[in-house]
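Following the hints, put chain L in place on chain B, whose structure we already have.
Protein chains: 2
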Amino acid sequence: MRKLRLMTPGPTMVPPEVTAEMVGPMDHHRTPGHRQILKEITEGLQYVFQTQGACFALTGSGTSGMEAAIVGVCNPGGKALVLRNGKFSERWGKICATFGISCTTADLEWGCGFTPSIVESRLNADPAINTVILTHSETSTAAASDLEGIAAITRNRDVLLVVDGITSVGALPVRMDAWGVDVMVTGSQKAMMCPPGMAFVAVSERAWGRIDSFKSPAFYNCLKAYRKSLTDYDSPYTPAITLMMGARRALHMIREEGMEAIWARTARLARATRAAAAAMGLKVFARDPSDSLTALLLPEGLDEPAFRKRLRTDYGIVVAGGQDQLKGRVIRLNHMGYVDEMDTLAALTAIELTLHKMGRKVELGAGPSAAMEIFAAA
Amino acid sequence: MRKLRLMTPGPTMVPPEVTAEMVGPMDHHRTPGHRQILKEITEGLQYVFQTQGACFALTGSGTSGMEAAIVGVCNPGGKALVLRNGKFSERWGKICATFGISCTTADLEWGCGFTPSIVESRLNADPAINTVILTHSETSTAAASDLEGIAAITRNRDVLLVVDGITSVGALPVRMDAWGVDVMVTGSQKAMMCPPGMAFVAVSERAWGRIDSFKSPAFYNCLKAYRKSLTDYDSPYTPAITLMMGARRALHMIREEGMEAIWARTARLARATRAAAAAMGLKVFARDPSDSLTALLLPEGLDEPAFRKRLRTDYGIVVAGGQDQLKGRVIRLNHMGYVDEMDTLAALTAIELTLHKMGRKVELGAGPSAAMEIFAAA
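So the protein lines, in turn, are chains B and L. Positions 6 to 383 (my numbering) are the ones given, in order, by the first sequence. Positions 6 to 383 (my numbering) are the ones given, in order, by the second sequence.
These aren't lab readings, by the way, just hints derived from the structure by calculation. Because the structure is a prediction, the values reported are computed rather than measured. Misleading hints may appear alongside valid ones.
Identical chains share a label here; the pair holds if one copy fits it or two copies do between them.
Said to hold, decoys possible - Once the Cα atoms are required to be at most 27 angstroms apart in a straight line, the calculated DSS-like pairs of lysine-lysine come out as:
{"hint": "1", "residue 1": "K44", "residue 2": "K332"}
{"hint": "2", "residue 1": "K332", "residue 2": "K362"}
{"hint": "3", "residue 1": "K92", "residue 2": "K233"}
{"hint": "4", "residue 1": "K220", "residue 2": "K233"}
{"hint": "5", "residue 1": "K8", "residue 2": "K44"}
{"hint": "6", "residue 1": "K220", "residue 2": "K366"}
{"hint": "7", "residue 1": "K99", "residue 2": "K332"}
{"hint": "8", "residue 1": "K229", "residue 2": "K44"}
Just chain B, with the same shape it has in the complex:
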């Protein structure tokens, strides 16, 4: 027997309640029943994004939502500032380049988060910038940026703020309307507790002003097409019906737990993980750690593929490795969605046991005990 515990920062674990929904009788998507599903999803997304604005479920990976945001918002003649501090924020720049969107970048070392002052000085220096693109939580480095502070800069200017919330929405505090965020994107397979295959996008009233001001080269990933269909709770193309059946249930579960409670749980698991890591002698990679996932630097010389393989085969714990410049140097653990104290303890315990088995000096129980201290104090 080997129980798989998916501790990767996406896909994350899916609740059995959500899985059960997805195997119920599937109906056609142009029926009152399916329109009701999409209505409840829309309302659920408004709750999670904390917005009264339009929210959409796109049929695609999170990247389809990123493309829809960029192509929809970045007008010809405008200029985007891409804030880059990891692999996923770099992707925004690549999307802009593909679509011939004029852009400039601000670069931080991997592991650091952006602060309002960097954004403010860049906007002051270059008044041509009319869109700022931020990755709230950088999944590749597990670093978080100050979204609220950055939105406070952009909201008072004629500058739109487009945010990759793929590992933040539903996990880190996000108050889209209160903070003045314009467009925000997430994927179904992160804090939303669904399998991958949908991107969720929220759009502010202010952003529609820009989107409606020009003709964008968007067909499949087109926000205007989604808005038009949504007036009748419909989708422009055949949606991923079974995934939507699951998403409705997941969004109801999120509402039942409550956003503040979920944010607190996510932060608690992150704190426990950081405390346990310190007790095991492992360093957190990010200088500005995100609470939605943690990247732990492995001890010098440890065979990373072998380490992850043993975690999986000996204890069923699946974690992610590093990407690009972090390949082989870190493992990444998820705190989003359907993951609790005991899952986190299991992962931390398996890490400690595997370090021990691979000849590293650890005091057995030190990591889990440190995590327990955090849980006990909650």
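Showing chain L alone in chain B's frame:
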């Protein structure tokens, strides 16, 4: 109790074997297990498309595959000929327009299929055309075009043939390599027996020559990105893992039954439906009917929404209505994928009973009997 029988031409019924796969333990997508799933899907698609060329599973609706084909293949400076005979072939023209691709159209009345001679004369008249875009089976009208004959024209010229096979691949005879089709697209929710959420695209060697000759404005729906990832059985962005788990099983089921047997079954169900319709006094809308679905003209004056509602509430039979100019005039019945003689008989019987209940003169049993004659002769 009300059993729903999904007789719509997409989404179609999903076999319980496929549903069962999708609820098994979900693993991360960058693992040997998931690479094996993608390998088997790729091989299964090659069998269904009857090609040795590259086959991809895109995360998106069928339309994402159409966009990937157009943006990937239609080079700036080239000219596309869009063969239009219904709502979905019109969509190809809209995609071309969105991306600024120069194109011309050939238009046939709805319900008619394209023949090689139309294509040949258009190509002779305009040597600038280097791409022909055909909808093999027009889902809106249930009409089929002569794909083999049209490919015989394009394959001997420097003209690529891009085909919407959304309601043809896996249902109508398609031999991509033998016939010389360049790019072909289908969706997961038709003959492939899966829920919606994936597009399947097959690309010939000849098409890659064009695709590699220019830089296309494609990011999310990018064939080159899919090709690069597939060398390692990976996807460019997080794929719809659970849907892929189902697709692997569905493709194995298709292989077990055999493509020729499936084509024959599909054609048999279509013949039975047409025979039953004639016996009930209903006309087939298409002049050139497709065997993958049938559009039946409703009797003059029949309240179409009420008719479809009664089919559903009284007998659990879900059929599609008409679109655009056919709205309120036809119902459309599926013959693709996981649908058999008894499902078809149920639908035909419910149609006859409902016509009777709504005061139309029918001889009870005439339609089903005519269908049974076809089945008995098989």
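Is the C-alpha distance from K220 to K366 at most 27 angstroms within one copy, between copies, in both cases, or in neither? neither (61 angstroms within a copy, 53 angstroms between copies)
27 angstroms Cα threshold - placement of K44 relative to K8: Classified as between; 24 angstroms across copies, 36 angstroms inside a copy.
Intra- versus inter-copy proximity for K44 and K229 (alpha-carbon distance at most 27 angstroms): within (18 angstroms within a copy, 36 angstroms between copies)
Between copies, within a copy, both or neither: which fits K332 and K362 at Cα up to 27 angstroms? within (22 angstroms within a copy, 68 angstroms between copies)
Should K220 paired with K233 be assigned to within, between, both, or neither, using CA atoms and 27 angstroms as the limit? within (15 angstroms within a copy, 31 angstroms between copies)
With identical chains, the pair K99 and K332 could be close in the same copy or across copies; at 27 angstroms between alpha carbons, which is it: within, between, both, or neither? Cα proximity of K99 and K332: one copy only (21 angstroms, versus 43 angstroms across).
Under a CA distance limit of 27 angstroms, which applies to K92 and K233: within one copy, between copies, both, or neither? Between copies, since 18 angstroms is at most 27 angstroms while 33 angstroms is not.
Is it within, between, both or neither when you check K44 against K332 at 27 angstroms Cα-Cα? Result: close only across copies, 25 angstroms inter versus 42 angstroms intra.
In terms of the numbered hints stated before, the structure departs from hint 6 and from no other.
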